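**Student:** Take the sequence shown: its letter number 218 is residue 218 in full-length UniProt numbering, and every next letter is one higher.
Derived from the structure by calculation, the hints contain no laboratory data.
Be aware that one or more of the hints could be misleading.
Under the rule of at most 30 Å between Cα atoms (straight-line distance), these lysine-lysine pairs were calculated in the BS3-like manner [unchecked claim]: (1) K106 to K55; (2) K86 to K55; (3) K48 to K106; (4) K86 to K14.
Quick list of simulated restraints, FRET-style, between CB atoms [to be verified]: (5) E56 to K155: 34 to 40 Å; (6) S207 to H173: 18 to 24 Å; (7) R154 to L47: 39 to 45 Å; (8) P16 to L72: 43 to 49 Å; (9) P18 to P200: 56 to 62 Å; (10) D105 to G71: 19 to 25 Å; (11) D126 to N204: 30 to 36 Å; (12) R153 to H173: 52 to 58 Å; (13) H189 to G62: 36 to 42 Å; (14) D126 to N212: 15 to 21 Å.
From a predicted model like this one, the values you see are computed outputs, not experimental measurements.
Don't be surprised by glycine CBs; every beta carbon is placed ideally from N, CA and C.
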Amino acid sequence: FVNNFGQIPTQLFKKPHPQKKVSPVDGFSNTPGVTTQRLFYHSLHSLKPPQSPIKELRSAVGSIYQSDRTGLIVLEQNKVLIGSNKYIAWGFPDRSIRMGQIDSDKSLCIHEMCDADELTCVASGDDRTLFCGSSTGCVSVWTLCRKPFSLKRRKLLDGHSDAVTCLVVCSSHAFVVSASRDCSVILWHQSELYLIRQLPVHPNPVSAVAVNDTTVCFKDGLETYVLITTD
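Modelling step: build the complete structure from the supplied sequences, incorporating the hints.
**Tutor:** This is how it looks when you write it as structure tokens:
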């Protein structure tokens, strides 16, 4: 027994606890060296749609963002999130860019861009910087002023010979990825706005780009390529 401060503790349990049974199929991943609990993408076949949608939009879903305050933010096509509760929309017949409030169809302000090329995609570097891809292959960088709402062109990045199909900003490594219909992918410096490198030309136009803290993943019509960026 243990004698502590003149007191002898009594035995609470007469029998040992039963061993916890964990199913190796459902509880943990079968990947060698991985002991974490099984995540949803380990059993995609078991996923089922909910009885009711989380959010309903008036048009096709364009992007989904995770928010610590509101959970998920879902925007239609041709919209990009600015800050935590506003968005920038484009693709209107008058070639204007409009700022709106999340969960509201009313435009807070409109910026006329009649002299600019037709926009094909837009990405936000922060709440004051917009990267806009055009049908001519150029990427224009704009500074966003809120009071009053206006856009001031900062620089024009010319590297593609055909329409820009997608733009992605990686703030953790300070670069921007632009892909084009001409089968090219270019990495630009986010703040200094110079060309970092151009990837080898691919056999098909690039249709999608995704970036995380370690890799750049881009997809053309047939295959998916992964570029390691942190080394």
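**Student:** Work down the list of hints and note, for each, if the structure agrees.
**Tutor:** Consistency of the hints with the structure:
1. Restraint check for K106 and K55: satisfied, since their Cα atoms lie roughly 18 Å apart, inside the 30 Å limit.
2. The straight-line distance between the Cα atoms of K86 and K55 is roughly 17 Å, inside the 30 Å bound, and the hint therefore holds.
3. Using a Cα cut-off of 30 Å, the hinted pair K48 and K106 is violated, with the two alpha carbons roughly 34 Å apart.
4. Note on K86 and K14: the hinted pairing is violated, with a Cα-Cα distance of about 62 Å set against a maximum of 30 Å.
5. For E56 and K155, the Cβ-Cβ distance of about 39 Å falls inside the hinted range of 34 to 40 Å, so the restraint holds.
6. Checked against the hint of 18 to 24 Å, the C-beta distance between S207 and H173 comes to roughly 23 Å, which is consistent with it.
7. For the pair R154 and L47, the supplied restraint of 39 to 45 Å holds, since their beta-carbon distance comes to about 43 Å.
8. For P16 and L72, the hinted distance range of 43 to 49 Å is satisfied, since their beta carbons lie about 45 Å from each other.
9. A beta carbon spacing of about 60 Å between P18 and P200 agrees with the range 56 to 62 Å that was offered as a hint.
10. Between D105 and G71 the Cβ separation comes to about 21 Å, which falls inside the hinted range of 19 to 25 Å.
11. Checking the proposed 30 to 36 Å range against D126 and N204 shows it holds: the Cβ atoms sit about 32 Å from each other.
12. Taking the beta carbon of each, R153 and H173 are about 25 Å apart, not inside 52 to 58 Å as hinted.
13. At roughly 26 Å, the beta carbons of H189 and G62 sit outside the given window of 36 to 42 Å.
14. At roughly 18 Å, the beta carbons of D126 and N212 sit within the given window of 15 to 21 Å.
The structure shown violates the earlier hints numbered 3, 4, 12 and 13.
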